[in-house]
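K.L.:
Spelled out from the first residue to the last, the chains are:
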Amino acid sequence: MGDAQLPATHMKTNESAGHQALPGTDSAGLLRPAQVGEADMVRLLDAEGNRHPDSAFDPYIDALDPETLRGFYKDMAFVRRFDAEATALQRQGELALWVPVVGQEAAQIGSGRAMRPADYAFPTYREHGVALTRGLDLADLLKLFRGISNGGWDPREKNFHLYTLVLAAQTPHAVGYAMGIQRDMAADSATEPAAVVAYFGDGSSSEGDVHESMVFAASYNAPVVFFCQNNNWAISVPFEVQSKIPLVNRAGGYGFPGIRVDGNDILAVYAVTQWALDHARDGHGPVLIEASTYRVGAHTTADDPTKYRRMAEEELWKTRDPLLRLETYLRATGLADEQFFATVKSDADELAAHVRRATLAMGGADIRQKFATVYAEAHPLVAEELAWFENYEASFVDADTQGGPA
Amino acid sequence: MSTMTIAKAINEGLRATLANDPKSFLMGEDIGSLGGVYRVTEGLKAEFGDHRVMDTPLAESGIIGTAIGMALRGHRPICEIQFDGFVFPAFNQITTQLAKIHTRSDGQLSAPVVIRIPYGGGIGSIEHHSESPEALFAHTPGLRIITPSNANDAYWMIQQAVECKDPVIFFEPKRRYWLKGEVDTENSPGDPFKAHVLREGTDATIVAYGPLVPVALAAANAAAEDGRSVEVIDLRSISPIDFDTVEASVNKTGRLIVAHEAPTFGGIGGEIASRISERCFYSLEAPAIRVGGFHMPYPVARVEEHYLPDIDRMLEALDRAFAY
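Going down the list, the sequences are from chains A and B. Residue numbers 1 to 406, in my numbering, belong to the letters of the first sequence in order. Residue numbers 1001 to 1324, in my numbering, belong to the letters of the second sequence in order.
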């Protein structure tokens, strides 16, 4: 199945977008490049929950049992509930900042679920859904936003790298990691074949590191899948400022396949990512996936979308909700009943309660641990400054015990 | 014991590393078939194959960024940046990623990437080929920076850089690539982050590193003719700096000259002067004096002799130190 030949309509190589942004068209509405060319977009489940056949990708979905399909929904519902809880924690002053993911659940759960344990993900800072599929305790994601750690988990445990805040800086890391897998496989035939997923967004696509990553990936035929969630907004800047054509068209310029997928259709996202990972693992090189989705919420809790986009646009995208369409499909096909959705809701509430409890119990950070981790090996300057700091701190303890000024 | 140039010593050091550590490999622009623009990697591709000596696309951020990813997978990349002035496209990857990954991961990850950079002027070249950007990296916690001044150190320190668990920038004094010296391939000179006293003296200390070490030694010889006994320290490591060795010397001599090609403002010399003034305040006969480049972009080749610290500039600094 990994070598399945895709119908030409799915493969964007080097043809032009075929549509232009109309002069004078404002950012709200349908006449935007990111929303054209839908005929070329892989979609297995439409916004009404209707299943559309697709000879290339149906086999990936046909292989799934009902439990897995219900699991897709459960994961999306969990991350949405988690996202709401984290937003609440930020509003209550427990987090410095939060980066909502609402609207992008299908793109993240679908792609994350397509990965195998030996595969490796390099996220941006919004891949909470992918983190869930990799098996992280979602509370660990909040250490960064609570100011306790700049990481929060050991990436090697679940093959899920730390969040990277400098846009696109993680994409060459992903390619390098993939090149490392190649070297390991060449050195030892017992190495488990694996691929890497490099997450980035439409805003990051303008960064030079994405370009250099794709050049390296193509040159070395690296087993990496570039997974772009085009959520249409880079904070306040609409997609057409980043690109006049669908980003997937850029893949042709680098000489590897690109697939545009309805990012709110979890079945399509899962199928195309499976295909791309198989392609990469089997030694055929990189793939670019552009998942067309929408950031329904704000960029972060410090952002105010009312300043730059219209409510009508958000309302339109809410009709394309990834959870709703899978729910409709699961109900219509009899794969899930009312009891299932009720259980998911209560389990999601339990997850949210766990995250809240764990967050409030996190405690503080210790600057001594920061001194200890600047370098992996002993460093005289760090040691000297730590010693100075300890003496300085101790001087206050003396003052306190002697009843001096605090 | 054999005699070789600094360039050949680095080449031999890399050869030893490639032979000893199967996870190590070289990556950079033109380092394979060409052997590097300075031929420092000459013959290594033929010996170890293009898997171990990789010619990369022409993209410095991509070189360092992918090296980070390979290091995270457990490999040992040794990157070459072709010239000092071309490191800046990779500045973001070096300072925001490479330097921080260990602490960002609370010590769980390390990224032992080595970055070789030919640096410094005096070669009559065009813009961006003669710079000394070491202070920009020394100001970044998480990086280590070393620079050899002789063939023996070059041979050993490049190997020690690869063995270090931290990222190391290895600045190569390009105008000294052809300087010959004895290399003892059996006995290591020890800790690469320690300074070496190359010449003992009693009246003043000159601290230098990389390309200016031979200049400092020549200045000390010239000063001796005037009856001044000058101690010369080769710093070897720019981050961390071995202040203990400098302190011991200045407590003995009472005078400190710090020399580098980089502009004095905001440079390594200022850091050494400040720390030594704290540590040796009661021993100093004169303020620490810096000898370095001017606050200007590295000038055109026809005037670089006026920019670069030479023997006379160091002697003038000694005169000032003795005038207090």
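Check before you lean on any hint, since a few could be wrong.
[Said to hold, decoys possible] Quick look at which bits of chain B chain A covers, simulated, 3 or more residues with Cβ under 8 Å:
id: 1; stretch: 1062 to 1075
id: 2; stretch: 1078 to 1085
id: 3; stretch: 1126 to 1135
id: 4; stretch: 1196 to 1207
[As the list claims (entries may be wrong)] The calculated DSS-like cross-link candidates involving lysine-lysine, where the alpha carbons are at most 30 Å apart (straight line), are:
id: 5; chain 1: B; residue 1: K1023; chain 2: A; residue 2: K158
id: 6; chain 1: B; residue 1: K1194; chain 2: B; residue 2: K1180
id: 7; chain 1: A; residue 1: K143; chain 2: B; residue 2: K1180
id: 8; chain 1: B; residue 1: K1194; chain 2: A; residue 2: K370
id: 9; chain 1: A; residue 1: K158; chain 2: B; residue 2: K1194
id: 10; chain 1: B; residue 1: K1252; chain 2: B; residue 2: K1045
id: 11; chain 1: A; residue 1: K370; chain 2: B; residue 2: K1045
Just so you know, the hints here were simulated from the structure itself, not pulled from any lab data. For glycine and all other residues, C-beta sits at the position ideal for the given N, C-alpha and C.
K.L.:
All the hints need checking, so say for each whether the structure fits it.
P.N.:
Results of checking the hints against the structure:
Counting residues of the stretch 1062 to 1075 of chain B whose beta carbon lies closer than 8 Å to any beta carbon of chain A gives 13, which meets the minimum of three for the stated coverage. A count of 0 residues in the stretch 1078 to 1085 of chain B with a Cβ less than 8 Å from any Cβ of chain A is obtained; the coverage claim is therefore unmet, three being the minimum. For the stretch 1126 to 1135 of chain B, the stated coverage by chain A is violated: 0 residues have a C-beta nearer than 8 Å to a C-beta of that chain, whereas at least 3 were required. Remark: the stretch 1196 to 1207 of chain B is not confirmed as covered by chain A, as 0 of its residues place a Cβ nearer than 8 Å to a Cβ of that chain, below the required three.
Using a Cα cut-off of 30 Å, the hinted pair K1023 (chain B) and K158 (chain A) holds, with the two alpha carbons roughly 23 Å apart. The straight-line distance between the Cα atoms of K1194 (chain B) and K1180 (chain B) is roughly 22 Å, inside the 30 Å bound, and the hint therefore holds. For the hint linking K143 (chain A) to K1180 (chain B), the alpha-carbon distance of about 54 Å lies beyond 30 Å, and the restraint is violated. Distance restraint check for K1194 (chain B) and K370 (chain A): the Cα-Cα separation of roughly 24 Å lies within the 30 Å cut-off, and the hinted pair is therefore satisfied.
For the proposed pair K158 (chain A) and K1194 (chain B), the alpha carbon gap of about 40 Å is over 30 Å, so the pair is violated. For a cut-off of 30 Å, the pair hint linking K1252 (chain B) to K1045 (chain B) is broken: about 49 Å separates their Cα positions. Between K370 (chain A) and K1045 (chain B) the CA atoms are separated by roughly 41 Å; this puts the pair beyond 30 Å, and the hint is violated.
Taken one by one, the earlier hints fail for this structure at numbers 2, 3, 4, 7, 9, 10 and 11, listed in ascending order.
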